[in-house]
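4 protein chains.
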Amino acid sequence: MAQLNWGMIGGGEGSQIGPAHRLGALADGHFRLVAGALDHRPEQGRAYAQRLGVVASRAYGDWTEMLAGERGRDDRPDLVTVATPNSTHFEITKAFLEAGFNVLCEKPMTLTVEEGEEIVRVAEKTGKICAVNYCYSAYPMVRQARAMVQAGDLGRIRLVVTSFSHGHHGDATDADNPRVRWRYDPAMAGVSGQFADCGIHALHMASFICNDEVTTLSADFASTIPSRQLEDDAMVNFRMGKGTVGRLWTSSVAIGRQHGFDIQVFGETGGFRWASEQPNQLIYTPLGGRTQIMEKGEAGLCEDARRLSRVAIAHPEGFPLAVANIYCDLADAIRGEPRPGLPRAAAGLRSMAAVHAAVASARAAGQWVDARPPMFR
Amino acid sequence: MAQLNWGMIGGGEGSQIGPAHRLGALADGHFRLVAGALDHRPEQGRAYAQRLGVVASRAYGDWTEMLAGERGRDDRPDLVTVATPNSTHFEITKAFLEAGFNVLCEKPMTLTVEEGEEIVRVAEKTGKICAVNYCYSAYPMVRQARAMVQAGDLGRIRLVVTSFSHGHHGDATDADNPRVRWRYDPAMAGVSGQFADCGIHALHMASFICNDEVTTLSADFASTIPSRQLEDDAMVNFRMGKGTVGRLWTSSVAIGRQHGFDIQVFGETGGFRWASEQPNQLIYTPLGGRTQIMEKGEAGLCEDARRLSRVAIAHPEGFPLAVANIYCDLADAIRGEPRPGLPRAAAGLRSMAAVHAAVASARAAGQWVDARPPMFR
Amino acid sequence: MAQLNWGMIGGGEGSQIGPAHRLGALADGHFRLVAGALDHRPEQGRAYAQRLGVVASRAYGDWTEMLAGERGRDDRPDLVTVATPNSTHFEITKAFLEAGFNVLCEKPMTLTVEEGEEIVRVAEKTGKICAVNYCYSAYPMVRQARAMVQAGDLGRIRLVVTSFSHGHHGDATDADNPRVRWRYDPAMAGVSGQFADCGIHALHMASFICNDEVTTLSADFASTIPSRQLEDDAMVNFRMGKGTVGRLWTSSVAIGRQHGFDIQVFGETGGFRWASEQPNQLIYTPLGGRTQIMEKGEAGLCEDARRLSRVAIAHPEGFPLAVANIYCDLADAIRGEPRPGLPRAAAGLRSMAAVHAAVASARAAGQWVDARPPMFR
Amino acid sequence: MAQLNWGMIGGGEGSQIGPAHRLGALADGHFRLVAGALDHRPEQGRAYAQRLGVVASRAYGDWTEMLAGERGRDDRPDLVTVATPNSTHFEITKAFLEAGFNVLCEKPMTLTVEEGEEIVRVAEKTGKICAVNYCYSAYPMVRQARAMVQAGDLGRIRLVVTSFSHGHHGDATDADNPRVRWRYDPAMAGVSGQFADCGIHALHMASFICNDEVTTLSADFASTIPSRQLEDDAMVNFRMGKGTVGRLWTSSVAIGRQHGFDIQVFGETGGFRWASEQPNQLIYTPLGGRTQIMEKGEAGLCEDARRLSRVAIAHPEGFPLAVANIYCDLADAIRGEPRPGLPRAAAGLRSMAAVHAAVASARAAGQWVDARPPMFR
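Chains as they are written, first to last, in UniProt numbering: chain A, 1 to 377; chain B, 1 to 377; chain C, 1 to 377; chain D, 1 to 377.
Hints are computed from structural coordinates only; laboratory data are not their basis.
All C-beta atoms in this analysis are idealised placements derived from N, C-alpha and C, irrespective of residue type, glycine included.
One thing to keep in mind: the hints can contain errors.
To be verified - What follows is a list of derived Cβ distance ranges for each label pair:
{"#": "1", "chain 1": "C", "residue 1": "332", "chain 2": "B", "residue 2": "174", "range": "56 to 62 angstroms"}
{"#": "2", "chain 1": "C", "residue 1": "177", "chain 2": "D", "residue 2": "242", "range": "25 to 31 angstroms"}
{"#": "3", "chain 1": "C", "residue 1": "121", "chain 2": "D", "residue 2": "177", "range": "49 to 55 angstroms"}
{"#": "4", "chain 1": "B", "residue 1": "332", "chain 2": "C", "residue 2": "100", "range": "39 to 45 angstroms"}
{"#": "5", "chain 1": "B", "residue 1": "332", "chain 2": "C", "residue 2": "42", "range": "28 to 34 angstroms"}
{"#": "6", "chain 1": "B", "residue 1": "289", "chain 2": "C", "residue 2": "332", "range": "34 to 40 angstroms"}
{"#": "7", "chain 1": "A", "residue 1": "303", "chain 2": "D", "residue 2": "125", "range": "48 to 54 angstroms"}
Model the full assembly from the supplied sequences, consistent with the hints where possible.
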């Protein structure tokens with residue numbers, strides 16, 4: 001199977017996200033990097049792209065240059081990854097989609113609901129793939145959880161409880177550290193801090209596993225470090241289309257929690273929980289039965305769980321390969337085999353609607369509000 | 001040290017709570033059972049008390065008979081435990097306090113806030129001990145947590161997150177089982193189901209460890225099994241007097257969770273978590289440091305943690321001995337050494353105020369309400 | 001059911017073992033303390049016994065005095081517990097058995113194999129109960145494990161792997177601390193250090209769960225702190241009567257392990273593991289199936305597991321109540337309902353034979369030796 | 001930094017090991033696949049190599065053809081991976097080393113000690129890198145463990161206890177399954193079954209972390225499934241050059257253990273444990289202190305732990321990226337920066353000596369034997 005051509009925007013030297021995407025794209029051999037505009041500093045970006053094996057003529061100084069240079073080529077990228085600062089996602093993603101490229105956009109896909117709706121419309125109009133990097137949803141045992149819900153193994157889902165809480169912003173004396181501060185500054189982060197950063201992963205996961213959408217929500221935001229303008233801790237109660245009750249807690253001041261992203265799903269005939277720090281297990285309890293440890297690689301898992309695992313049972317696979325699984329889904333989709341599990345623009349839009357709804361609710365003392373984007377109401 | 005005399009009301013043969021109290025009272029040799037009215041069926045109660053070693057003349061048919069028989073005796077009980085159905089707690093506790101007995105009342109102490117205030121007043125007036133069986137607060141490592149907060153080891157407490165969620169009422173086909181059904185029937189359970197049953201343990205724990213009181217709250221209640229009139233799942237956001245943000249989730253439909261009571265506390269300079277299924281550890285993370293496993297029995301623990309532990313480090317002590325710790329505190333208090341950790345009538349009253357506040361908030365779509373009893377506002 | 005009379009020898013004030021036995025005997029109300037010789041210092045022993053509620057005439061200065069005083073009484077103890085220093089177990093146990101008392105002896109039951117055989121003979125001749133306090137075997141989920149093996153749920157047992165390793169003697173600078181030093185001094189501890197102290201609990205557990213006996217063994221002993229004459233670390237390979245392969249590791253220098261006693265059993269059709277720090281679970285995996293978490297209190301457990309548990313599923317019960325379970329078994333046995341799970345003199349003898357066999361093997365560079373007492377060959 | 005050229009022998013379509021090596025080599029962009037002889041069936045091998053992007057002229061039918069075709073090229077592979085059946089490792093590795101290629105050989109490097117010594121001599125003579133894929137040693141927290149031992153953080157190492165035990169060969173009815181049977185058939189597997197397969201990973205790990213070598217050992221082998229000629233369970237006691245006591249258990253019939261590879265190291269001033277199923281943590285206890293959870297990505301780790309980690313703290317990295325870390329070390333070594341952590345031919349030789357020593361000891365009822373290869377005595 002021929003390798004696909006891949007281009008990348010952002011993810012320059014020293015960024016955390018760049019290596020994750022490169023490893024994700026390269027690990028399984030589906031893609032080769034052919035073009036890039038990797039840095040907001042043109043020269044550094046060009047030089048770095050060449051060190052990564054891109055030929056000089058396709059190592060660009062910025063994304064507009066790359067768009068101009070690549071759009072007419074026969075060997076242009078089959079996929080472009082957008083891993084730039086949040087405020088630029090909309091513009092770049094839209095431009096590349098309109099030029100006929102498939103795009104994988106980092107989250108958040110946009111900053112406003114209107115922009116999100118625009119991306120959904122553009123993707124639909126052009127017929128191009130617009131994926132969003134909700135990479136946790138690509139862990140094999142998350143796919144297994146979703147498949148079990150879809151198969152009805154848990155009956156109607158009554159309740160989903162999720163958290164994404166860490167303590168890495170818990171040091172008040174660190175509040176002036178620019179790498180932390182911007183998260184809580186509306187001028188740079190927009191309307192929401194921790195909920196927009198981590199909470200939307202958890203909210204997406206709830207929808208993804210339950211195969212349902214958030215309809216209404218009520219939020220309680222807190223800035224537990226008083227100097228912060230945006231929330232560093234949030235609780236969001238929600239309801240989903242099929243009646244499921246949802247609870248979501250997200251925090252960046254939960255000192256001692258490292259990567260505290262987990263989800264519990266409870267239905268009429270069973271429940272399970274999954275945690276990002278031990279992603280290769282799904283802990284399942286059938287109603288009236290014993291708790292069972294399901295393992296990546298065990299016999300009888302769903303097709304996605306099998307397809308997106310590389311090594312034998314109990315050999316752990318971690319975060320970078322969850323990102324790689326997104327690229328596997330993309331490669332398949334580009335080659336003509338769409339994967340329903342791949343998060344698309346609609347998911348990015350729903351997240352943005354939920355962020356704005358949560359902000360509105362929190363400002364109104366927890367009033368319940370509609371969490372859906374207007375175009376999906 | 002001479003043994004103390006103990007009387008018991010309720011906790012008849014076949015009840016779960018009776019053995020827990022007997023073991024708690026007897027285990028450390030502080031008390032001997034001298035009188036009892038153990039069953040609402042007078043003959044069974046008298047017979048059972050005698051089988052437990054109570055002399056016939058002090059094996060009573062009901063609590064009024066016991067009150068009449070015991071109040072004038074020189075060797076009357078130093079402590080009376082009230083472990084009867086919830087609706088009778090107020091009346092019995094009040095009567096025994098007024099007659100000059102020390103009382104340990106099962107939770108909930110009363111059904112209404114007014115009754116709770118009455119008990120507080122009576123206890124104050126008589127000078128007698130009125131304790132409430134918030135037994136989880138008597139685990140050694142819970143006392144240690146409280147001591148660390150009091151000592152300022154975590155700095156100001158920003159956030160407390162607690163849950164008490166199990167799945168033992170998750171079977172809808174079991175909804176007609178009388179042992180389950182009454183919990184969700186207002187005629188029998190009062191205004192609240194799961195929150196009044198389990199949630200108040202978690203709320204008490206938050207106050208207990210943080211050494212602070214809940215002032216306002218906002219609640220989201222759900223009956224995830226539709227036939228239930230009262231909630232089987234609740235989320236309560238709250239604020240405490242010193243500004244701490246609180247999150248409390250309680251559920252009885254969380255299939256796969258067995259005894260899912262845990263608490264996480266996050267302050268300016270550290271955080272910790274404790275879970276009732278592994279009660280002998282406290283998981284502590286200082287700001288900027290590594291997570292540490294603190295063990296019951298390790299060197300340097302607070303006086304209460306040392307005093308309320310019986311065997312060496314890593315030899316687990318469980319739930320029945322947490323109840324026994326309440327009796328240790330009571331024995332000390334009766335003998336003239338009051339223990340600040342012992343939950344008293346004020347704690348029982350605050351729980352009742354919080355239940356009624358949560359019900360009011362849930363009915364008003366999560367509106368924030370005052371959670372304090374009027375007498376403490 | 002009338003309470004039984006109980007007497008205690010040893011376990012004086014400040015000892016660790018005394019409170020564990022008192023709690024064990026009293027917790028469930030089966031016994032009342034009526035006589036005691038609690039301390040090698042006569043006056044302290046008498047005074048302490050009286051503080052524990054023993055009448056002055058039955059608070060003895062030493063065990064010979066107690067034997068003389070109690071043997072002729074109508075209300076003499078139904079059970080005498082021997083919790084004195086190891087070197088005195090044989091003499092006291094033998095004397096009380098011969099005088100017609102039932103005895104619970106702390107481990108090790110004797111110091112030599114010959115003494116062990118003598119106790120077995122005396123117990124047989126007198127028809128009295130001689131139990132040994134292998135208290136770990138009385139945890140509900142250990143009984144469940146044994147019942148599953150007996151029922152054939154795991155098929156033939158191929159392999160048992162157990163360890164009892166802690167790090168509490170890992171500080172070489174502590175080697176002169178008398179509380180530690182005696183363990184490794186042949187003059188005080190006999191032929192073996194760590195294996196005789198902790199290893200025999202693990203070896204008993206292997207026999208107990210597998211319902212089989214150790215026949216041969218090969219040992220590797222090490223004094224990892226060079227100043228020690230006796231081993232502080234030992235590995236013992238063994239074979240059992242039905243062909244099971246055994247592996248036992250015990251250490252007192254395993255810094256970081258607290259109460260590291262666990263066992264894994266593997267048969268033809270399944271395996272399980274149990275650990276003393278989480279004693280309320282049994283982790284079970286059927287061949288070809290998923291690992292399941294079995295919980296104390298779940299439906300369908302064996303009669304012993306149900307009988308020896310006091311509180312609901314997932315409410316932990318710990319070490320002191322495992323000791324109490326030994327007393328429950330004793331109370332039943334005394335009342336005429338013998339409990340096969342109660343460890344008897346034969347188990348104490350087999351441990352002693354295994355200790356001496358392991359010492360011989362270790363001295364002979366791991367040569368395989370017969371581990372059975374002569375009388376059972 | 002220019003990519004390196006990489007060739008592969010073995011690891012054909014459908015093998016488990018091929019994808020692991022490809023992901024390992026490609027993930028970080030250090031290597032590109034330029035030549036291959038991937039299958040013992042020439043046509044399938046050539047076709048598969050081309051599907052993986054190798055040009056037709058460098059897609060070979062067997063390794064001799066590849067050696068002939070590549071040895072004279074300017075752009076010949078900088079590294080050749082040997083992932084063929086065990087019995088061919090020696091011959092292929094030797095040939096490529098002699099032709100001046102760097103080689104990464106799958107374990108076991110050879111079948112005999114003599115062959116192992118020959119490889120060591122050839123590697124030395126040619127100056128080429130001969131690495132062996134002890135990939136577990138490339139986990140960041142394993143490198144951290146080794147660094148802490150080297151820095152003396154644990155003092156002199158008294159004791160190392162390791163196991164590599166799974167239950168995937170526990171089904172006796174599966175004993176005729178060719179994928180299982182060959183392991184226990186001397187005609188195909190050589191002198192040892194489970195110890196040679198998994199045990200040597202554990203033994204290597206002990207040496208690796210302790211920075212020491214096994215000198216003598218005593219083994220107890222068992223075929224718990226009687227039809228097996230080679231052992232499916234083994235216990236090996238050993239001693240290391242600096243006096244450390246070692247205990248190693250390996251089993252393939254431990255039903256319920258999945259990937260049960262773990263190690264505990266105990267020194268004078270602390271201990272730690274690491275487990276392959278949770279490879280991103282190192283559980284560390286300083287003497288007299290609390291157990292601490294060390295996390296990949298935390299501040300202050302050793303250079304190797306930092307260099308070989310790709311994503312932030314608590315984002316798990318798993319088995320395939322441990323293999324990738326071996327390739328990172330190889331890339332650095334090839335580029336002139338040798339990495340001491342990279343396992344070399346000497347390690348492969350020592351493993352083979354240990355296997356033969358263990359077999360000899362087991363046959364001699366556990367007699368202690370020299371475990372060193374003659375050339376290192």
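Against the structure, the hints come out as follows:
1. C/332 / B/174: 56 to 62 angstroms: Roughly 34 angstroms apart at Cβ, these two residues miss the hinted range, so it is violated.
2. C/177 / D/242: 25 to 31 angstroms: This hint holds: roughly 27 angstroms between Cβ atoms.
3. C/121 / D/177: 49 to 55 angstroms: Once the Cβ atoms are compared, 53 angstroms apart, the range 49 to 55 angstroms for residue 177 of chain D and residue 121 of chain C holds.
4. B/332 / C/100: 39 to 45 angstroms: At roughly 41 angstroms between Cβ atoms, residue 100 of chain C and residue 332 of chain B fall inside 39 to 45 angstroms, so the hint holds.
5. B/332 / C/42: 28 to 34 angstroms: holds (30 angstroms)
6. B/289 / C/332: 34 to 40 angstroms: violated (51 angstroms)
7. A/303 / D/125: 48 to 54 angstroms: holds (51 angstroms)
In the structure shown, a violation is registered for the earlier hints numbered 1 and 6, in ascending order.
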